[in-house]
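Protein chains in written order, with our numbering: chain G, 6 to 139; chain C, 513 to 900.
None of these hints come from the bench; they were simulated from the model.
You may find that some hints are simply not true.
Said to hold, decoys possible - Per the computed footprint, the stretches of chain C lying under chain G, defined by three or more beta-carbons under 8 Å from a beta-carbon of chain G, are:
#1 541 to 551
#2 676 to 682
#3 838 to 847
Here a beta-carbon is modelled for each residue, glycine too, at the ideal position from N, C-alpha and C.
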Amino acid sequence: MSEIRIDQFLAAPECEIMIVRYHDIFQTEAALKHGKFSKEYQDLSAVIMLDPADLKKIDASDGDPVKISNEYGTVVVAAKKSDGEDDTRASEGHSGVGYMPASVWSNILGSAPVSAKMSRSQQKISTIRELIRV
Amino acid sequence: MACTGCALLCEDVEVQDGEVRHACRIGTAHILNRQQIDPMVDQKVVDIDDAIRHAAAMLADAERPMFLGFGNSITETQSSGVRLAEKICAGIDPCSVHTGLINEIVHSRVRTCTLPEVRDHADVIMFWGADPMNTHPRLLSGYAYYPRGKNRQHGWEEDRTAIAIDVRRSHTASICKSFHKIIPGRDTEFIDGLILALRNKVPKTVYDSKKVLKLAGTLKKAEFGVIFAGSEMLGSVPCDAIIRLMDELNEFSDFRILSLYHQYNLRSIAAATNTDTAVSCERPGGCDPTRLREADCLLCVGFDLANSLPQARDIDASIIVIDPNETLTSGYADVVIPCASGGVDLAGTAMRMDGAEIDLPCIMKNGQTDALTRMSDLNIMDRLLEAV
Numbered sequence: 006m007s008e009i010r011i012d013q014f015l016a017a018p019e020c021e022i023m024i025v026r027y028h029d030i031f032q033t034e035a036a037l038k039h040g041k042f043s044k045e046y047q048d049l050s051a052v053i054m055l056d057p058a059d060l061k062k063i064d065a066s067d068g069d070p071v072k073i074s075n076e077y078g079t080v081v082v083a084a085k086k087s088d089g090e091d092d093t094r095a096s097e098g099h100s101g102v103g104y105m106p107a108s109v110w111s112n113i114l115g116s117a118p119v120s121a122k123m124s125r126s127q128q129k130i131s132t133i134r135e136l137i138r139v
Numbered sequence: 513m514a515c516t517g518c519a520l521l522c523e524d525v526e527v528q529d530g531e532v533r534h535a536c537r538i539g540t541a542h543i544l545n546r547q548q549i550d551p552m553v554d555q556k557v558v559d560i561d562d563a564i565r566h567a568a569a570m571l572a573d574a575e576r577p578m579f580l581g582f583g584n585s586i587t588e589t590q591s592s593g594v595r596l597a598e599k600i601c602a603g604i605d606p607c608s609v610h611t612g613l614i615n616e617i618v619h620s621r622v623r624t625c626t627l628p629e630v631r632d633h634a635d636v637i638m639f640w641g642a643d644p645m646n647t648h649p650r651l652l653s654g655y656a657y658y659p660r661g662k663n664r665q666h667g668w669e670e671d672r673t674a675i676a677i678d679v680r681r682s683h684t685a686s687i688c689k690s691f692h693k694i695i696p697g698r699d700t701e702f703i704d705g706l707i708l709a710l711r712n713k714v715p716k717t718v719y720d721s722k723k724v725l726k727l728a729g730t731l732k733k734a735e736f737g738v739i740f741a742g743s744e745m746l747g748s749v750p751c752d753a754i755i756r757l758m759d760e761l762n763e764f765s766d767f768r769i770l771s772l773y774h775q776y777n778l779r780s781i782a783a784a785t786n787t788d789t790a791v792s793c794e795r796p797g798g799c800d801p802t803r804l805r806e807a808d809c810l811l812c813v814g815f816d817l818a819n820s821l822p823q824a825r826d827i828d829a830s831i832i833v834i835d836p837n838e839t840l841t842s843g844y845a846d847v848v849i850p851c852a853s854g855g856v857d858l859a860g861t862a863m864r865m866d867g868a869e870i871d872l873p874c875i876m877k878n879g880q881t882d883a884l885t886r887m888s889d890l891n892i893m894d895r896l897l898e899a900v
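Isolated chain G, as found in the complex:
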């Protein structure tokens, strides 16, 4: 018999986050080389760089899917912890602010900087076809 986890019956903790967009040369390259419908492009685009404090607030770990929603739209992207030694973009704390690459995943939330609610999600990462409904 599988173990019953009580947390699956509880709403995932939620927090407010300010979304800021950034440009990533590897993501731009992937769009040109493989196309915007490619997995390579999605892997580099459907992400949000989060401060460890924000990951803790929503009880999520590096790589977990997180749901971000506001009045403009909803999207599920992968959370990335942004204090890695090799990540100069986030060498200082940025609690309350999440960095997303400029793409349809961030643009669906409206013009950055824009605030949204964020929580850990059981859903899969949104695909580009789901977002633009093709």
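Chain C: place on chain G using the hints.
Relative to the frame of chain G, chain C by itself:
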């Protein structure tokens, strides 16, 4: 050869046996991009002549057509597009947050300079909401920071001070001598604080006053300062605040500003359409959804509407896409017309981000490895012009 991967239009790019030399990652991927599309009507593959005929009929029947993009088209195509727009009373929206500042620059309401002038004279360079290491990789090595210039013989080590102002510590910020972190959406407060500091007043601001005063001191000492204004700045700062800052800086020093955008020929279309009355810059990509919703036919030329404004999927207008490659919008557009890519398999001219006219010979010539045989967007535009 000139690379049309971004608005720097680097002129030293070569292609031999399918190998691109001297270009950056973006330029190389742009030149070798083969995500081509088939001509389509209602998402079914058709002959290109049929696609053009359908597009012409849609434009002729439209009561409120609107053209989007043209920033990734050669100047000749833009001129033809403007004529077509005039003929059918269509609005043209380059869909960029940069059009406002470009307009101020073009009309000399704010001081600017050329990229070679930056290389030869600039001693203080500010990257504001801009991360050229990720968007214009050769800007720093070609003009803005590393090279030695006529009056900057000691290069970046001694002769130049780079400053980054941004909402996040970007890769570019990591090589700058100072970094000022902006609270998202509160750039204008930083500008107001900086203006007070330039007047030797202690700014009452949410930002660190001492740091702002120190920045003001550096800017005042500049012999030739340049601000590279990126999308993240122009998306949240009104043009009048930028002009106020530039006027103040020029009370003490010699400061210029350049808009750092991606589309290789945006300046030309922005100037041609006189964007004084053009788009609001409130949305990603500069598109104003209210204006888009008023249109009944959208012609996207080298512009991916669905990427910049995913909510545009709900707009009840017919959509025509003219683009060298597959885009998100081409995935649901009513008519898709593939075209040649300016500077890659189509020769023409373009205006670099500093206003210099650049010839764009074909990089991929017939007979060369990977040669392409696509119809030019100029030809397509001329045929639409004839048909309507």
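Going through the hints against the structure:
As drawn, the stretch 541 to 551 of chain C meets chain G at 5 residues by the rule of a beta-carbon pair under 8 Å; at three or more, the given contact holds. For a cut-off of 8 Å, the count of residues in the stretch 676 to 682 of chain C with a CB near a CB of chain G stands at 4, and the three-residue condition holds. Counting residues of the stretch 838 to 847 of chain C whose CB lies closer than 8 Å to any CB of chain G gives 5, which reaches the minimum of 3, so the coverage claim holds.
Every hint, counting from the list given before, is met by this structure.
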